[in-house]
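There are 2 protein chains.
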Amino acid sequence: MKERDLIEQIRRLTGSGSADLLQGIGDDCAVIEKTAETVQLLTMDTLIESIHFDCSWHPPKKLGRKVVAVNVSDIAAMGGQPVFALLSLGLPADFDDQWLAGFSAGLTGACREYGCLLIGGDTVCSPDRRALTLTVIGEMKKEQVLYRHGARPGDTVWVSGPLGLAAAGLDLFRSGEMPDIPELQLLQEAHLDPHARVGLAVLLAQSGLVHAMMDLSDGLATDLSHLCEQSNVGARIMAERLPDYGKLTAAADFLQQDPIEWMISGGEDYELLFTADPADSKKLLKLITLCDYAIYPVGSIVEGKGVTLIRDPGEKGSDHEQNISYQGYDHFTVVGGASSRTP
Amino acid sequence: MKERDLIEQIRRLTGSGSADLLQGIGDDCAVIEKTAETVQLLTMDTLIESIHFDCSWHPPKKLGRKVVAVNVSDIAAMGGQPVFALLSLGLPADFDDQWLAGFSAGLTGACREYGCLLIGGDTVCSPDRRALTLTVIGEMKKEQVLYRHGARPGDTVWVSGPLGLAAAGLDLFRSGEMPDIPELQLLQEAHLDPHARVGLAVLLAQSGLVHAMMDLSDGLATDLSHLCEQSNVGARIMAERLPDYGKLTAAADFLQQDPIEWMISGGEDYELLFTADPADSKKLLKLITLCDYAIYPVGSIVEGKGVTLIRDPGEKGSDHEQNISYQGYDHFTVVGGASSRTP
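First to last, the protein sequences are chains A and B.
First residue of the first sequence: 1, per the working numbering; consecutive thereafter.
First residue of the second sequence: 1, per the working numbering; consecutive thereafter.
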């Protein structure tokens, strides 16, 4: 069973909505009404040792930061500001005090950085593997929430930064080589210590220019497929527009990999993916000058279904158009190549 | 390191409060302000396979119900009504579809029963062991929240039902014997399918008669120690007042165990533990006639520190008074006897 079938099976069993529930299972966060004007965003993400992280190369402080970042990224995905967090910490009975001190410092430091407060949770014995679950609660104005389902044919598809860096970094770790090359260390750092794009997300939500948004956690191919399915549209991505291709060249040479695979199927980018009217592109680019972020148009929304990658838009021919729908990371399917996580 | 030291270490690292935070780490739930009159209660509990449950005897439907009950019990512990839930479901890659169908049906059925709605979560691959984390959000009036820290010397200590049943039931399962005796099956059922005391909790919170409350999840000895420590008081418990001692007799004979051990150190009772002015005992007992619950006075709050068990209050002598502070279940300490969970 694939992950999305599993989620669908659970979703079908849940009861009908509550008056306060604006969005249940199926977006980056659940959305519930707080007051007449404000909503709460709720998200929960789990990292399991040797599936999502490997302590032999992941320093505890950076792992603590990452647990926060991957959850906060889901709040950013809808345009919200994180406020509170709860942690379930599963550790072996004979856990290492020093590891815990580093992890806790990273976690609470990242909470402070993103403006959210750790207010509770659970501690349990988890033999064999550490198991880390965070719930993050965010807040924002009700009218500004950016859902996955708002994309329209003709929209431009934007991403907020280079893709595939974390996937390439992970493959470098898994190769067992620790090359002393700054370009490669930057990729490894993208895997170890990702950053959630909260400031940009809030700006985009407030702008009123964005039709649909989500974060990139399972790779562009899978995440854009979700956005398209929920908006009842398709998408075409131009490979040559994917930003900062050059950052992957050294790693691609080193590992003899196709960098495009990392960019479309590699997970853990934690960049924002959003769509907007092409007539608003200039306004968006002007808005972005207010902050330290960048945004890149990488394709467009079309009528129909599925996500198509166009590798060489200059030449016509079916060989250059590839259906990449859902070709990213699936938690319950072993995926070959760059997109699989630590086995 | 003991569990409470671990929690204290994390608590010290968290930042200072937010204006909306009424209670952070240290009670059954975190409490945040929703409106001027209402609060949200937030709790999170994890069950790890072979630590908290064993699939060889735990039917998936009852396990799904239990994940909900143990979390909802934390909402009840403060007098609240559960409203929403998020589930993190960690399963092996080759998980059993039938097991999942049973588990999901139990979980969503229990959510409906308690009046809360599953609105989101995460699904991850967890090799070797299933890992189940639930976050539950509850609501109640701000002025009615029952914290652990309100107990006063002279208060009567009450519990809402028989203790030690689930611990005895677990020991029966662990003994490998499945006796066909209804009295013993009732104990096993207490372990498999506990019930959160939401209706009673709401009634108690609304009554204004209760000074401090929590739920019994780690055993009376440990949970009452938490309540006493946070209220800066001590407690004396009369063994002969612990209710329904008789329900444990058959199991105690069968397993050659002291039933008192199950009653004071056995976890997973999910009954309510609360304190109130002895002058209000009649009012409390009258209130309870409005619902299907029962409550039992089992001891009293005293000045000082620690929890003392008095096994035979008729005779004086130090042998009959036993300090039982924190002698319940600790998630990171191997506890001998009845209180340890599945190893």
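Treat the hints with caution; some may be incorrect.
A pair holds if it fits inside one copy or across any two, identical chains being indistinguishable in the list.
Said to hold, decoys possible - Below, simulated DSS-like cross-link-like pairs (lysine-lysine); rule was C-alpha separation at most 27 angstroms, straight line:
#1 K141 - K282
#2 K283 - K61
#3 K305 - K142
#4 K141 - K305
#5 K61 - K141
#6 K61 - K282
#7 K247 - K305
#8 K61 - K142
#9 K142 - K34
#10 K141 - K34
#11 K305 - K286
#12 K142 - K247
It should be emphasised that the hints constitute simulated quantities derived from the structure, not laboratory data.
Values in this document were obtained by computation on a predicted structure and should not be read as measured data.
Hint by hint, here is what the structure shows:
Taking CA atoms no more than 27 angstroms apart as the test, K141 paired with K282 passes inside one copy only; the shortest distance there is 25 angstroms, against 49 angstroms between copies. When the C-alpha separation of K283 and K61 is checked against a cutoff of 27 angstroms, the pair qualifies neither within a copy, at 39 angstroms, nor between copies, at 53 angstroms. For the identical chains of this complex, K305 and K142 are neighbours neither inside a copy (29 angstroms) nor across copies (49 angstroms), given an alpha-carbon limit of 27 angstroms. For the homomeric pair K141 and K305, neither the shortest alpha-carbon distance inside one copy (31 angstroms) nor that between copies (48 angstroms) is at most 27 angstroms.
Within a single copy, K61 and K141 get their C-alpha atoms no closer than 33 angstroms, and across copies no closer than 39 angstroms, so neither meets the 27 angstroms cut-off. Taking the shortest Cα distances, K61 and K282 never come within 27 angstroms of each other, neither inside one copy (40 angstroms) nor across copies (55 angstroms). Proximity of K247 to K305 under the C-alpha cut-off of 27 angstroms is found in neither arrangement, the shortest distances being 31 angstroms within a copy and 62 angstroms between copies. Taking the shortest Cα distances, K61 and K142 never come within 27 angstroms of each other, neither inside one copy (35 angstroms) nor across copies (37 angstroms).
Taking the shortest alpha-carbon separations for K142 and K34, both the intra-copy value of 9 angstroms and the inter-copy value of 15 angstroms come in at or below 27 angstroms. When the C-alpha separation of K141 and K34 is checked against a cutoff of 27 angstroms, the pair qualifies both within a copy, at 10 angstroms, and between copies, at 15 angstroms. Taking the shortest Cα distances, K305 and K286 never come within 27 angstroms of each other, neither inside one copy (32 angstroms) nor across copies (64 angstroms). Taking the closest pair of Cα atoms, K142 and K247 never come within 27 angstroms of each other, the shortest separation being 38 angstroms inside a single copy and 53 angstroms across copies.
Consistency with the previously given hints fails for numbers 2, 3, 4, 5, 6, 7, 8, 11 and 12, ordered from lowest to highest.
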